[in-house]
Structure formats: C-alpha cells, structure tokens
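> Residue-level listing of the chains:
Number of protein chains: 4
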Amino acid sequence: MIKTGIVGATGYGGAELVRLLLGHPDVQLTAISSVSFEGMPFDEVYPSYAGLCSLPCLKQQDVVDQCDVVFAALPHGLSQDLAQDCHDKAKVFIDLGADFRLDSEEEYKTWYNGTFKNKELHEQAVYGLPELFRESIQNQKVIANPGCYPTAVALALAPAVREGLVEFSGIIADCKSGVTGAGRSPSATTHYPNLNESFSAYKIASHRHTPEMQQTLSHMANGEPVSLTFVPHLLPINRGILATCYARLRDGVSMEQVRKAYGEFYDGEFFVRLLPEGKCADVKNVRCSNFCDLSLFVDPRANSLIAVSAIDNMVKGAAGQAIQNMNLAFGLPETQGLILVPPAF
Amino acid sequence: MIKTGIVGATGYGGAELVRLLLGHPDVQLTAISSVSFEGMPFDEVYPSYAGLCSLPCLKQQDVVDQCDVVFAALPHGLSQDLAQDCHDKAKVFIDLGADFRLDSEEEYKTWYNGTFKNKELHEQAVYGLPELFRESIQNQKVIANPGCYPTAVALALAPAVREGLVEFSGIIADCKSGVTGAGRSPSATTHYPNLNESFSAYKIASHRHTPEMQQTLSHMANGEPVSLTFVPHLLPINRGILATCYARLRDGVSMEQVRKAYGEFYDGEFFVRLLPEGKCADVKNVRCSNFCDLSLFVDPRANSLIAVSAIDNMVKGAAGQAIQNMNLAFGLPETQGLILVPPAF
Amino acid sequence: MIKTGIVGATGYGGAELVRLLLGHPDVQLTAISSVSFEGMPFDEVYPSYAGLCSLPCLKQQDVVDQCDVVFAALPHGLSQDLAQDCHDKAKVFIDLGADFRLDSEEEYKTWYNGTFKNKELHEQAVYGLPELFRESIQNQKVIANPGCYPTAVALALAPAVREGLVEFSGIIADCKSGVTGAGRSPSATTHYPNLNESFSAYKIASHRHTPEMQQTLSHMANGEPVSLTFVPHLLPINRGILATCYARLRDGVSMEQVRKAYGEFYDGEFFVRLLPEGKCADVKNVRCSNFCDLSLFVDPRANSLIAVSAIDNMVKGAAGQAIQNMNLAFGLPETQGLILVPPAF
Amino acid sequence: MIKTGIVGATGYGGAELVRLLLGHPDVQLTAISSVSFEGMPFDEVYPSYAGLCSLPCLKQQDVVDQCDVVFAALPHGLSQDLAQDCHDKAKVFIDLGADFRLDSEEEYKTWYNGTFKNKELHEQAVYGLPELFRESIQNQKVIANPGCYPTAVALALAPAVREGLVEFSGIIADCKSGVTGAGRSPSATTHYPNLNESFSAYKIASHRHTPEMQQTLSHMANGEPVSLTFVPHLLPINRGILATCYARLRDGVSMEQVRKAYGEFYDGEFFVRLLPEGKCADVKNVRCSNFCDLSLFVDPRANSLIAVSAIDNMVKGAAGQAIQNMNLAFGLPETQGLILVPPAF
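Protein chains in written order, with this note's numbering: chain A, 19 to 363; chain B, 19 to 363; chain C, 19 to 363; chain D, 19 to 363.
Just so you know, these hints were derived from the structure itself, not from any lab. A couple of the hints might just be wrong.
It does not matter which identical chain is used: a pair holds within one copy or between any two.
As the list claims (entries may be wrong) - Below, simulated SDA-like cross-link-like pairs (lysine to any residue); rule was C-alpha separation at most 25 Å, straight line:
1. 297 - 73
2. 137 - 59
3. 278 - 76
4. 137 - 295
5. 221 - 205
6. 297 - 226
7. 159 - 200
From a predicted model like this one, the values you see are computed outputs, not experimental measurements.
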C-alpha cells in the first residue's frame, strides 16, 4: 500500500482527494494537514465523511514525514518550499496549485507575481496532463497538476492544434464553471442569494489560466505560439466546467478530417469520451467522475470549429487527475481507483 | 384606456404580458385567448395571478374583435393570418413570434421552412427593437417583436458595428439562456433532475435566431453583410440571457474609442445601462425588468472586443419589449408601465 | 407625498423596502442610511437598482430628520433608542426588527436577553399584523412589524384558534424558509456549495420567533395560553416561507366548519388568498408579492387540522407588511403600492 | 460472481441500481430490461454511463432467465406475476415497488386498489429494512424493499416506539423529498420553471406510504397500533429526504433516556449515523450514499421528541437498500459494495 498524504486537506481540492483516495485499492490515506483546522478530525470539518475518515488534521511536516506521496492543495506560492522538502526526502510530490505549471519564469512573474526559487526543481517538474504528456509523467517525482479550465480547454483543442487543422490565433475559450472552483471560503460572490438565479462572467481576458492554456497548445503546435482569449463564467451549480472553444478552420479542412483526427488522437483513452455526432457535452454527464466528454461541431458559414468539452472541475480538473498522475508516477494502471460512475441524476 | 388583448396568453410569453399589462396605467387587459385552456379562467392556469386576473381564456377571434391592440404569442407560422385579420380591422398587431422578423423570404424559407403569404404585409411590418429602430416603429400597425437572443446580441454589438470599430466577419455570440426560453411544455430537457446541476449547449451554429442577428447587424452596417457564429446554452435558472460577444477590433481601435462610441450611441436610453469599467453584466441585475445591462472589455493580446449583455428573456427579450413597442405605436411615453425595479435578490 | 426613510437600508429588508417604496404612488423615498456603506450610492451596493435609486447612504440621524416615517431594518436591540427619538420628534416609526414585538419584558429577556428601556413606549407600540389587529394599527406612531415566520404561522392558525376549533396545546409549526431570511452577510451556511442541493432544520424548538407566535395566537384565544413547537428549516431557494401547521381538532369539528370559519375570518382580505379545496399553497405563487396563500386539510384518521400557508418572507414577511402598516398609519388605502403580481415563473 | 439483473432498468431506481451494481465486487450486472427503451444500449438512455455500461435493454423474461437475482423497479401492480415467476425458478426477487410491502391485503386494497394474487407468496415475502428486521431477511427469496419515505421515518422513530418512550398516536411525519422521487417522466410538476424556486406539499395526509409507516412502527410496538399523520413536500433538489418527526414523550421520559435508547438500538449499525447533540441531519451529507443520518431533539416546553433523519431517497431509500438486502439474502457482508463516500459538495 502506498502511503498517501494531503497538505491542505480541508479545502475543496483536498476534500475531493480524500473522497477518491478512500476508494483507491492500492493506497492508504495516511496523514492530512490543515492550517485552519489543525487538530480537528476530518469528519468534523466535513460531516458527510463521518464513519469514513476521522483522521486528525496535522501539520504539513507530519504529512511529508509519514507519506510516500504528498498531494498539495494550497494557494499558489506556498508549494515551492514544500516541493523542495519532498524532493530532498525522495517523496513524490503532486501539486494541485499553480507554482510548477508554467515553464517560463517570466510568465509566472507576469501572471502570479512570483519567482522560481529553485530553477532546477522547476526543470524537473512535469506537467501532468496524461492524455497529452503521458510518457513524460511516468515515474516522475514532481508533478504539476493542471488547472481546471486549462484541462478542459487543452483536451478540447489539442488534436486540432496538433494536426494543424485550425489557425493558431484568434482562438476563443468561453468557459463556464461550477462554484466549487471558487473554493470553500464564503464571500459575497458565493453568497447563495447572490449566486442563485444569477449568471455572469469574471476576470474577462485576464484570468491566470490563460498562459497555461497557451503553453499547452503551443507544445501541441511543436512550439509555435498559440494565442487565445479566455473568458470564464460562474455557473449556479456546484461542479463542472463546460468549455466552448472556437477556432478558425484552416482552408479546406472538413468536418470529416476533424472527427478523424480527434478519433485517432484519443483512441484508447479511457477518460476522454468523444460523443457521437450531434450530441453536445454536458457537465451533468461527467459529474463526480474523471471523464472528459468532448463534442465537435463545425459552423460551415463561418468556417470555424466549435469544440465543446465537459469535465468535473474537482475530479478531472483537480483531484482525479492528480490521482491519475500518481498512478503514472508509481507505475499503477492509470485508471486505478478512478473508474467512477457519474450518477444519472 | 387602450383595450389590449393577448392571443396565446397561457404560454410563458403570454403570461408575462399579462403580468406587465396589469401594471400599465394606460391600458386595460380586455381579452385573452388560449387553445389549450379555452374556457378556463387565467388564474386557474397560473394560480399566482389569483385575485388579480381571472379573465376567461377565449378564442383568438374574440380577442381581435374586442381589442385595439393584439399581442400574439404563438408558435411560428401561426401569426400571418392573424396579422392579416388585425390589419384588415385596423388593429395594432404586435407579434412575439418569428413570422415577421426576417426581411428576406428566402432566409425565412431556409430557417423556418415557410413562405410570406402576403408580401405587402411583410413590407409594412417593422422590426421592433426601439433602441435601434425607434423612428420606424412609431405609429406603426404591424410590429415584429425581436427574438430574445437577437435582442441581447444586437444591443451588445450595434454601436461597434455602426461605427465600424470591428470586423464584420468572425463575430461570435456565445449566449446562455434561462429555461423559460424553452416554454411551458414539459420535456426531457426541462425535467428538473435532468436540468438541475447541468449545463450544455444546443443547436450549435444552427439556431434560427442566427439570420435575425445578422440582419440587424447588417442594418447597422448600412447593408454590408455581417457574419456571426451563434451558440446558445441552457442555464439552470428560470430567467435571463447573458450574451458574451466576441469581435476582432479593426486596426488601431482603442478601448477609449469603444467606450465613447457606446456611450454616445446609448445616451439617453433608459433601458440600456452601460456598466462602469470593470463591472460585468449579470442576469440577476435585470431580472423581471426591461433593462439591458451592457459591459465592455478588450483583450489587448488578441485585439478583440468582448461585449457582454444581460437581459431578462421574458421581459426585454419578449413581453416588456412588446409593450415598449406598443407605447411607441400609440405615442405613449416609451417607459410607461415598464419602470420595473429588478429585485436585489 | 409622504417623506419616507429607511435606517439600515442595505440589508435585505431595507433593500426590499427600497424596491417597494419606489413603486408606491403616495410616497417619496427621501433618505436612507447604512453603517456599512455610508457615503455610497445605493445602486453601487445593489447594481440591480442602477438608474432607479442612487440615493447616498447617510447616517441614521439624517433619516430621522428628513422623513415623516422611518422604517428601521436593524439587528435586534438597536431599535429602542431610534424609536424613542422618532417618538420625540413625532415621526411614525415602523420597526422591522424584534424590539417591540413582545408584550412581555420577561419573554423579551428570556429570548433576546434584553430589557425594555422605556416601558411606556412599549405600551404604545402596536403589533402590525393588519389582518388580525387592523383597528389597533390605524393612526398609530410606533409599529412593530411581525417576524416572517410568525406572520405565516399566525395567518395559518388564527381563525382556528379564534373559533376554538383546535386544541391550544400540542400545535406544531414545521416551517421552511428561503435563504434571504438569513440576511446579506456571507457565512458557511449560506456558501453556495454548502446550501445548494442541501436541506436541513436549525434552531429546533429554540427559535426566537416561538414566543411571538404563541403571543399572537393567545391574543386570538382571548388570552388563553397557546403552546406550540416551532421547527424552522432552510430551503435552497431565495424567497418564501411555507408553514405546515398541525393542530388537533376539538371533538366533533368537521372540515366544513373549518372552511367556513376561515372563509368568514378572511372575507374581504385582499392579501389572504384561501385556496380551493385540494390545492396546496406554494411559495412560488406569492413570490415578490404581499399575498399570503392559505390551504386547509384535515387528516380524518388523526383528527387533526393541517393548515399550510405561503408568504414571501421579504414582502408579507417584512417590507410589504411594513408598507401595509404605513398605509394604515397614514389612513391610505391598505393595498396602496402593494398590488404586486407574483410572476408566473 | 452473482448474476444480477434489473427489470425496469431505465427508471430512476433502475438507473441507480446500475450505478451501484457496477461497483459491487461480488456481482456481475448480467441483464437489464426496459419496456420504453427495448433494444437500446443503456448508455444511450443515460449518456453519463458511456464507456461503463452498454448492456442492451432486453425483455423482462430475458432478465429472469439469465440471472440469479432479479431486482424489479416497476410501477406498483406489475411485480406480483414477476415475483411468482422468479419464485418458481428459484431466483431471488427483490422488489423496489410496493406490491409486497403491506402485510394486510385490506390495506393494500384501500391504498393501492389491488389484490394479493397469491397469498402464500405474500406470506413468504419479507420486508427488507435490515436495521429493523435483519434476521428475517437473511437467506430469503422474496424481499419487499421499503419505500423511501417509510425508510426515513421508520429509522427516525423505531427506537422510541420500541422502547415505549413516546405516545403511539398523534405522531407527525413532516417529510421533504428531492425530485428524483417523482421519477424520470416529465410532467408539469417537474417542469424546471415550475419547480425551481418553489416549495409545496402534496398528497397531504393521503400518501400511500402512510400505512407502510404505521405497519413498521406497529411491528416495533409489538403489534400495538401506531397512528401517524404523514405530509410529504417536494424540494427543488435532485436527491434526498429529510424526515422531521414529532411525537409526544411519555411522562417522565428525559432526553438522556432518548439518546441512550437510540444509541443502543443503532449500536454497530454502519449505515445509521447518530449525530452529536445539537447537530441536525442534512440531506447533503448522505447524498449518493447508503447512510441514514439521525438527529434527536426534545422540546421541553411541549414535552415532545423531534427526530430528524436524512437519507438519499435513491440509495438508502431504494437501490442501496435493495443491494443491502441482496447482500443479506446471499450471505455477503452487509456493507459489500455500499461503502460510498458522500461527496463533501
């Protein structure tokens, strides 16, 4: 049994990791930490877990000491020292935060106002989006788990970019996310009467996930720059991201070519479900699961591709993908502990 | 007192007209009709109206005979004969359906599979979007009330197109609508457990409102064609449309120019509220009112305009705008009966 | 025009008062105050009111000085001094808080841990539930607006108690309220992901509205004590209270007698809608209105009355009833400004 | 591997059985049937199951022939013949419908307007509420799975009735259920705009689950009659039942006695979680799991017990309990396949 631990277990990403690790046959959830709830049993923080997980919330250091793999679900900026510590102690480190996602320190400075403390560590870190970068993740020790929006957008567009079916500029990612993406802290935005029966956009063309999306698509384009406008919206639902992505098709590209490219690209991928023609992805159908549903449309009048993907922001967009990365890092079957049936309702 | 009547009063558009006409100081709601509920008092169909409107549902003909103005809230295809009848009897006819919205019979054939029965009548009909075409609506007798999505999109983009600030191709309207847009008939799509906690797109790049949007924007462009990709999504809320519209800025156009153009275009318009910089429109803030909230953003990296508008699909997108048109047709103050305060929650 | 002012205008009760006062033909909304938002225009606090109310938030004293009637929407304990000040200056004072609701200082001490600063003022204060105590409210100067739950429960049970149709002990009020009852401050309870898709009870048999319910019903019983178990629940909706009230029928009381008693009791009451047999009240049908819908059932097996009432907690349960009281205090028609059509959806 | 089959697999109860059986380590989901979707793969009916269950919908007879245990999720009245057939072929039969729940044919006639076709078969059938009747279920062949409301109410009150802590008359069960209880067929009631932001009661003191509740509690009372008023309400959420149950405490019974009795009664029961004093059960905390959360309160003023239970109506109230019964029937560990972590959000 792999000894697993979570630093920042009482945030939403951490709580979802607890749920999934409890059901994973090859791991033991050994230790968890929380600054806000230190000393409190986990099921007092989340009463839904009563009878299932009453681990006490410890200190960060306890988690590192007791575990083989450390998942960090921390606000950005707090993972670098922890990663270093895990690295020094030969633990596997999987970061659900943003500190190791960007290759370029300059971009990191621009968007996160931070620096790379140890450039070598950043160079070792791999970007854990298995369907795109599987081989580079296997047996690695420092893994940056992708952001939720970037996962949905990258999976929606990667085959089209890889095969050069679309223009690399003028791409639009109009994304809509459930509220858990905003975390567990109450705020005016997440106050029920404010959000219920509401719908709006936020951080329009200025969200930190933008450079991460461009970086991944640029890797797909063999390094050519890919530029993209990203507008996130907040949905009055708990879970799920729908990414509606628009790109201009290159001259002469047909719907058939598009479907063929996507079919081949995702052939054999358990977690990506390419929907039959005419069906559109719906966040409902992936809820609580690690699936990414993907649907493809062409607007022949505008000659553009419309790729719509749906993920559960807390699973494929966070905790589930983190476990998928852990499976890869430890040489386990990639779907281990992750064959989760999305409830029909 | 103007005698007003509604044909198709028990659909959602009709029911909202009842609500608004009951509060209008210059009109009397005189007669209503309904095929499904003929003979039944209105407040048995909608118990929320008990004590306020117990008019019986009559036949269509009764409404025409008893009223000065006839609002039609019918499935498309059923308004042409009714319009003719009203015209022959010198009644004002305001159509909440699609039969008179498109100038081109060819487009109407393509998208609605119908014909213009009386071309002259179609030529007389005006498109009732007051903020764009006020003068052509005043004192008219046959008024086509715009679709809900086209209202939101046209108001979001009209000034940019009118002033030539954006390219006329490659425009994207990513729209999200509350469920009342789907009408009062239960279906699998609107079954609560299916829609609750769900989110998806539908009729992707194939919705009938597309040609209507293009037509209005083309009028704004002095007849130049404007092409647009329109993707509607269904929100798990009752009311409201948010239209997130993307257009490439023409070379050298700045945010300042954009804001100035919009400010001038909508100067003095009571129902269009241009939001302060940085604030985004939210369907919550226009609920149950005739307002259109409008917010403007520029993505400097992609050099594109992002205009986000919010309306209540049943008010500015249907019944409210219909009454605004009635006010214009009868020479009443345009805001009469329409100064509705959107509840804060 | 009556000059009206609101102390505590930026809480939910205050904001709803603004909405309703803006639509009242005989009043002017003259001044508002807010501790949290002093100096800010009201429509910056609530952007839905843009273009409709940009009054600045002043100090409490400004409101008293500028207005003929002062509505107070304050946390309990803060109204007594304000009431005194209004009284001294001969202003009408309508308190949406709890300070003047209880006749008994002892009960006030027990449930609110407070004292009556000026007993004479408390004796002058009247309890503003017009359908039960209309005559005592007319032309009064200090009016205690009832709590939301007590309004729903009192209207559901008053006729049965008045006519001695039910036992005065063992009454149960199982109530369910929308979230706006919890106010505008974000908290863990009202955090969207916590409340959405949830349902629970709170303050079980220990809510402060209990003595107020018992007091009103005891007045209906000519002073005999009435005892009642009150359990409130929190609904994942914005507005509305449904009160399901259970009482044992006295021997030999029939459904016919019950309906007759209620019919006579509420005869001519505009705001109480006694539903046809077999129909149950629904919070949806009273939303945003001052109505109380009331439905009656008998369980012949248990020989008990089940009275189910529905109100909008922010209107009949707060701001609407306050205006109804103002109308009575000033000799205006009682429904003035309050004929609000609940939207059908 | 036990071969399991579902008759009526495409209703909500059936679909939830599919979800849970797919995760059960000792069974194979072998065959499913559906009248409405015969011939269609299951994941076309419920796209959330794509990649997980594409079994075709067969005929009822195919399920019986191919399986060791047959779950029936049918409208009432349709199970008796099927049960007979399973019985004749020595299959285990677990009925999620109502045909075998009531002991008394007379009650069945009164409430369901049906007859017992084969009285012997009804005598063999056991009522599958494991926490109350475990021993009678083990190794049985015909099992009546309890109704959703009766499960919640029986678990809330059984210890109090068993120990004679409360009066056996005047009990009130005020229950609130999520919408999935109404099934998969769209109707006006479940039409999203009608149900969203609404709340009401239905079948007041006339719901068919009433005699089932009384029967179970009477068994707990060693056959003494127990009478109860049951009022169900419909919540605008997908899943969950909250049962708020009121009973008069017998003279001298204290809160301590109550808690002690419940603690002993449910000692060792994995699926019943007795909450700490002061905490109230919430449907959120049992969602998608087989737990019943149970909280106890006393109103000292009225001398009454208030027991509040929460279950997931589709799991402990249907499919989960059915599998719990299957585990008992086959001698498997009772929690096998049912240790489901309720998501924290």
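> For each hint, tell me whether it holds in the structure or not.
Outcome of the hint check:
no.: 1; hint: 297 - 73; result: between (43 Å within a copy, 20 Å between copies)
no.: 2; hint: 137 - 59; result: neither (37 Å within a copy, 50 Å between copies)
no.: 3; hint: 278 - 76; result: neither (50 Å within a copy, 33 Å between copies)
no.: 4; hint: 137 - 295; result: neither (46 Å within a copy, 39 Å between copies)
no.: 5; hint: 221 - 205; result: both (16 Å within a copy, 24 Å between copies)
no.: 6; hint: 297 - 226; result: between (31 Å within a copy, 18 Å between copies)
no.: 7; hint: 159 - 200; result: neither (28 Å within a copy, 48 Å between copies)
The structure shown violates the earlier hints numbered 2, 3, 4 and 7.
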